[in-house]
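Chains as they are written, first to last, in the numbering used here: chain X, 16 to 540; chain L, 16 to 540.
Some clues are possibly wrong.
Stated by the list, open to error - Part of the chain L face toward chain X, derived, beta carbon under 7 Å:
hint: 1; residue: Ala75
hint: 2; residue: Phe158
hint: 3; residue: Val268
hint: 4; residue: Pro324
hint: 5; residue: Leu328
hint: 6; residue: His461
hint: 7; residue: His470
hint: 8; residue: Ser480
hint: 9; residue: Gly500
hint: 10; residue: His515
hint: 11; residue: Arg519
hint: 12; residue: Ala531
To be verified - So the derived label-pair ranges between C-beta atoms look like this:
hint: 13; chain 1: L; residue 1: Asp140; chain 2: X; residue 2: Glu435; range: 29 to 35 Å
hint: 14; chain 1: X; residue 1: Asp140; chain 2: L; residue 2: Thr390; range: 58 to 64 Å
hint: 15; chain 1: L; residue 1: Asp455; chain 2: X; residue 2: Asp140; range: 22 to 28 Å
hint: 16; chain 1: L; residue 1: Gly141; chain 2: X; residue 2: Gly62; range: 51 to 57 Å
hint: 17; chain 1: L; residue 1: Asp240; chain 2: X; residue 2: Arg378; range: 31 to 37 Å
hint: 18; chain 1: L; residue 1: Pro291; chain 2: X; residue 2: Arg259; range: 51 to 57 Å
hint: 19; chain 1: X; residue 1: Arg372; chain 2: L; residue 2: Pro50; range: 55 to 61 Å
hint: 20; chain 1: L; residue 1: Thr485; chain 2: X; residue 2: Gly30; range: 46 to 52 Å
hint: 21; chain 1: L; residue 1: Gly156; chain 2: X; residue 2: Arg135; range: 20 to 26 Å
hint: 22; chain 1: L; residue 1: Pro74; chain 2: X; residue 2: Gly30; range: 43 to 49 Å
None of these hints come from the bench; they were simulated from the model. Each residue gets a CB set at the ideal place from its N, CA and C atoms; glycine is no exception.
Protein chains: 2
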Amino acid sequence: MERVATSVLESYLGGRWVAGTGPGAEVRDAVTGEPVTRVSSAGLDLGAAVDHARRVGGPALRELTFHQRAAALKAAAQALDARKAELYELSARAGATRRDAQVDVDGGIGTAFAYASLARRGLPDGTVVAEDEPVPLGRGGTFAGRHLLTTPRGLALQVNAFNFPVWGMLEKLAPALVAGVPTIVKPATPTAYVAAHAVRVVAEAGVLPPGALQLVAGGVGGLLDLLGGRDHIGFTGSAATAARLRSDPAVTVRSARFNAEADSLNCSVLGPDAVPGEPEFDLFVEQLVTEMTVKAGQKCTAIRRALVPAAVLDDVQAAVAAALDRVVVGAPGADGVTMGALVGLEQRADVRTAVARLAAAGRIVAGNPDKVDVTGADDERGAFLSPVLLRVDDVDRPEPHEVEAFGPVSSLLPYRDRAELLDVVARGDGSLAGSVVSADPEFVRHFVLGAAADHGRVLVLDRDSAAESTGHGNAVAHLVHGGPGRAGGGEELGGLRAVHAHLRRTAVQGGPGVLADVAGQATLD
Amino acid sequence: MERVATSVLESYLGGRWVAGTGPGAEVRDAVTGEPVTRVSSAGLDLGAAVDHARRVGGPALRELTFHQRAAALKAAAQALDARKAELYELSARAGATRRDAQVDVDGGIGTAFAYASLARRGLPDGTVVAEDEPVPLGRGGTFAGRHLLTTPRGLALQVNAFNFPVWGMLEKLAPALVAGVPTIVKPATPTAYVAAHAVRVVAEAGVLPPGALQLVAGGVGGLLDLLGGRDHIGFTGSAATAARLRSDPAVTVRSARFNAEADSLNCSVLGPDAVPGEPEFDLFVEQLVTEMTVKAGQKCTAIRRALVPAAVLDDVQAAVAAALDRVVVGAPGADGVTMGALVGLEQRADVRTAVARLAAAGRIVAGNPDKVDVTGADDERGAFLSPVLLRVDDVDRPEPHEVEAFGPVSSLLPYRDRAELLDVVARGDGSLAGSVVSADPEFVRHFVLGAAADHGRVLVLDRDSAAESTGHGNAVAHLVHGGPGRAGGGEELGGLRAVHAHLRRTAVQGGPGVLADVAGQATLD
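Let the sequences and hints guide you as you build the complete structure.
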């Protein structure tokens with residue numbers, strides 16, 4: 016593990032690994048509290064990195080066709096797949112169980128493979144996408160218009176969250192790479208060492224064009240001054256940081272593209288038909304417990320508001336509490352452990368503060384935020400936390416709709432009828448993901464159409480689809496990921512939509528020969 | 016014309032016409048300098064207007080199908096068409112000749128008709144668009160995902176520019192209306208009386224659902240505090256105002272959608288093949304003069320940089336100067352007048368300042384910014400300006416690429432070879448529209464593909480397409496209008512794209528029956 020010693024974590028800039036100066040921010044092992052590394056970008060020449068992306072990475076990528084870029088992406092995914100054990104190992108230091116690490120590492124690699132495949136099947140073996148057939152703009156057939164998608168001469172700055180250092184990076188890198196846009200990754204400090212190792216694996220494989228991928232461990236202050244209308248800023252993280260980045264003149268004055276994906280107060284809804292004894296009742300409880308415990312609840316899509324018919328509130332509470340009782344918290348890999356640690360002690364303190372605020376609106380009905388039995392580790396040195404279920408009977412209290420405890424924490428709320436349900440759901444002010452667990456098609460249709468516009472994704476779960484369901488919290492490469500309002504208003508993934516979002520759409524007008532000619536080897540995707 | 020007396024211009028809020036208080040901003044006739052009206056939103060209850068849109072307009076529109084909304088839009092367009100003479104008359108007071116007014120009034124009505132037609136042909140007679148077929152997410156066929164587009168429970172605030180009070184309003188209103196989103200229009204002060212009259216015509220026709228359309232004449236300070244993630248802000252105007260709106264917490268914190276369309280330094284390029292004597296040489300000159308003089312050059316898409324091969328720079332200069340010499344500046348409707356006034360004296364002062372800055376980089380080769388012969392009006396009371404052609408031989412000077420004279424002003428610049436041409440074009444840092452005039456397919460292809468990513472629209476003009484060409488400066492309903500970087504980074508029109516942009520995309524996951532059921536009567540568009 017010499018690469019993650021307590022020296023400063025190296026950044027990958029201009030094809031070289033280089034460490035920032037100064038003490039930097041110390042990152043500790045989530046399980047043992049031992050120092051892992053320090054993160055600092057002080058002294059790094061970020062202007063040179065931007066220049067490298069523009070002068071080396073961009074031209075090299077634009078030389079390649081969509082299919083050639085897809086092949087490079089596939090090779091990067093293969094390189095990561097071959098060395099994923101190293102990433103699991105590092106992930107464990109960040110508190111992730113093997114199951115958690117697979118969501119991140121295998122999920123990220125799978126997303127990269129998916130984009131390589133999408134590009135091969137859905138994009139031409141060229142550099143231009145003809146988005147549509149020519150639209151006639153005159154009766155004589157001598158003048159028409161069509162839309163082309165071409166690669167802007169810019170770069171993508173990707174600012175990622177700590178919870179998915181590998182997936183979060185690859186789900187942004189993959190569409191940018193296919194689009195021919197060079198990337199500078201800025202991982203979140205607490206897990207930057209995991210992301211950096213993934214970049215190292217890719218760099219050592221030598222499969223990407225020079226300048227296509229760089230990584231800055233540490234702050235990117237000043238870098239935004241160099242970005243403008245040809246560039247793309249992708250952000251995942253807190254609403255506060257999203258607002259700060261989106262207020263930068265790079266966006267407000269120079270019109271850099273900006274896409275934010277922020278945490279939200281996602282809901283899961285139990286249908287009135289799903290009374291105890293029905294399979295959907297059990298599916299709801301099982302999915303809720305899964306979402307609370309995977310990644311120790313540190314998922315932007317996790318269920319924060321569990322909405323159930325008032326008549327079965329007690330039953331759901333009892334069933335969830337019983338299931339949570341069987342969760343074994345402890346060191347990743349230790350015998351019987353089913354839930355790992357939060358990413359660090361600071362994160363645990365934040366979650367405890369949020370739980371206290373939520374508890375003021377109701378009460379804790381399962382778990383104890385201040386005490387947890389830990390297997391294979393020390394509960395004070397490691398960032399361990401019991402899963403916590405709250406119950407808020409008064410749904411008019413603002414807290415469950417506004418306060419996010421970014422850990423293994425959910426609130427149970429009752430609803431009386433459909434109108435109240437949609438009102439309560441809407442109070443989340445925009446979410447990444449919602450789910451409804453019901454076998455009543457009419458209820459499901461009413462809920463989905465009533466709640467869709469406030470969600471980036473809505474999952475319907477019932478006995479027939481459960482075996483193959485990808486689950487409430489999992490973003491899927493083929494479907495959009497993002498959400499309105501509180502969730503940041505952005506859109507990632509969605510299959511080729513994310514590639515198109517990195518290209519520039521231009522209406523081209525002219526005679527039919529001209530329009531065929533500029534589309535060149537492009538075919539409709 | 017009692018509706019546009021020197022009283023305060025009435026706003027249309029909550030279904031009633033109501034005047035702001037206080038003195039407001041005085042608006043004068045562009046031709047005579049006589050007072051036309053005063054504009055003030057002081058004392059108006061804009062919160063009630065937002066409430067009206069949310070509680071009355073939104074529900075009423077969401078009750079209708081896409082086809083029903085299209086029918087309402089068509090009826091509004093018919094009402095405007097029947098009374099367009101009134102709009103021509105008002106437009107003349109803002110300096111617009113009949114040709115100018117037709118671009119605005121007929122162009123706007125045509126855009127509304129186009130959207131009514133697009134919606135009937137391309138959207139279902141329902142309230143939901145199923146954007147794609149289900150994508151299988153498991154091998155057993157029990158679980159899949161697809162994307163729905165539904166109407167958010169928000170409103171559209173549309174902030175328009177002075178130059179196209181009718182078209183600028185209708186090209187934003189049409190897609191919002193079809194999408195089921197209620198609109199609050201904020202016209203630019205200098206021509207608010209033209210926009211308000213168009214709204215009056217539509218309101219008197221009684222063809223739109225209550226609350227679907229409101230108009231605020233005057234400032235909208237405080238209104239943004241009420242907007243958030245369900246709302247859409249559409250802006251056309253200066254880059255500075257775009258940046259201010261985009262920096263508002265409504266956008267940065269609450270993720271209101273924001274689309275900006277700002278002025279840009281659009282280029283028109285003469286191909287090396289188009290030497291004097293070739294039809295393309297004449298087409299280039301003719302198009303340039305048209306763009307300089309229509310709306311007295313007050314078009315965000317007008318040609319600001321005319322790029323020609325260095326070898327023919329003198330020839331082009333002579334031909335353009337000769338054509339400009341034939342332009343007759345004066346009162347709209349007066350005998351022989353081919354170019355009207357700028358919108359006001361303040362605007363003329365701004366243009367003169369910009370011309371002085373541009374002249375420092377080169378020299379004026381046609382026209383005199385300080386003196387013009389005026390037909391049928393007084394050149395001091397009216398905001399008249401001679402068309403001005405500048406020549407900037409040193410293309411490395413920043414001014415022609417950065418300074419926009421928003422009037423009948425263009426700069427002629429030479430290029431030596433293709434590489435320099437693309438470099439010079441790119442120095443505009445993003446434009447709404449570019450054009451290339453050439454009959455050389457290889458040159459055209461090279462230019463279009465090299466410049467596309469910096470443009471929202473690129474028009475190719477040659478002898479074969481000229482008769483049907485819609486022209487460099489004209490936005491077309493079926494094609495996207497907007498541009499990267501300096502042009503604001505937004506996208507309007509583009510056929511149904513603009514309707515989709517007002518809807519919310521949601522990925523829905525579940526069993527095949529569920530996915531068919533939620534799509535309901537929706538069909539692919």
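Hint-by-hint comparison with the structure:
no.: 1; hint: Ala75; verdict: violated, 17 Å
no.: 2; hint: Phe158; verdict: holds, 4 Å
no.: 3; hint: Val268; verdict: holds, 5 Å
no.: 4; hint: Pro324; verdict: violated, 20 Å
no.: 5; hint: Leu328; verdict: violated, 25 Å
no.: 6; hint: His461; verdict: violated, 10 Å
no.: 7; hint: His470; verdict: holds, 5 Å
no.: 8; hint: Ser480; verdict: holds, 4 Å
no.: 9; hint: Gly500; verdict: holds, 2 Å
no.: 10; hint: His515; verdict: violated, 12 Å
no.: 11; hint: Arg519; verdict: holds, 4 Å
no.: 12; hint: Ala531; verdict: violated, 10 Å
no.: 13; hint: Asp140(L) x Glu435(X): 29 to 35 Å; verdict: holds, 31 Å
no.: 14; hint: Asp140(X) x Thr390(L): 58 to 64 Å; verdict: holds, 60 Å
no.: 15; hint: Asp455(L) x Asp140(X): 22 to 28 Å; verdict: holds, 27 Å
no.: 16; hint: Gly141(L) x Gly62(X): 51 to 57 Å; verdict: holds, 53 Å
no.: 17; hint: Asp240(L) x Arg378(X): 31 to 37 Å; verdict: holds, 35 Å
no.: 18; hint: Pro291(L) x Arg259(X): 51 to 57 Å; verdict: holds, 56 Å
no.: 19; hint: Arg372(X) x Pro50(L): 55 to 61 Å; verdict: holds, 58 Å
no.: 20; hint: Thr485(L) x Gly30(X): 46 to 52 Å; verdict: holds, 48 Å
no.: 21; hint: Gly156(L) x Arg135(X): 20 to 26 Å; verdict: holds, 24 Å
no.: 22; hint: Pro74(L) x Gly30(X): 43 to 49 Å; verdict: violated, 58 Å
The earlier numbered hints that this structure contradicts are 1, 4, 5, 6, 10, 12, 22.
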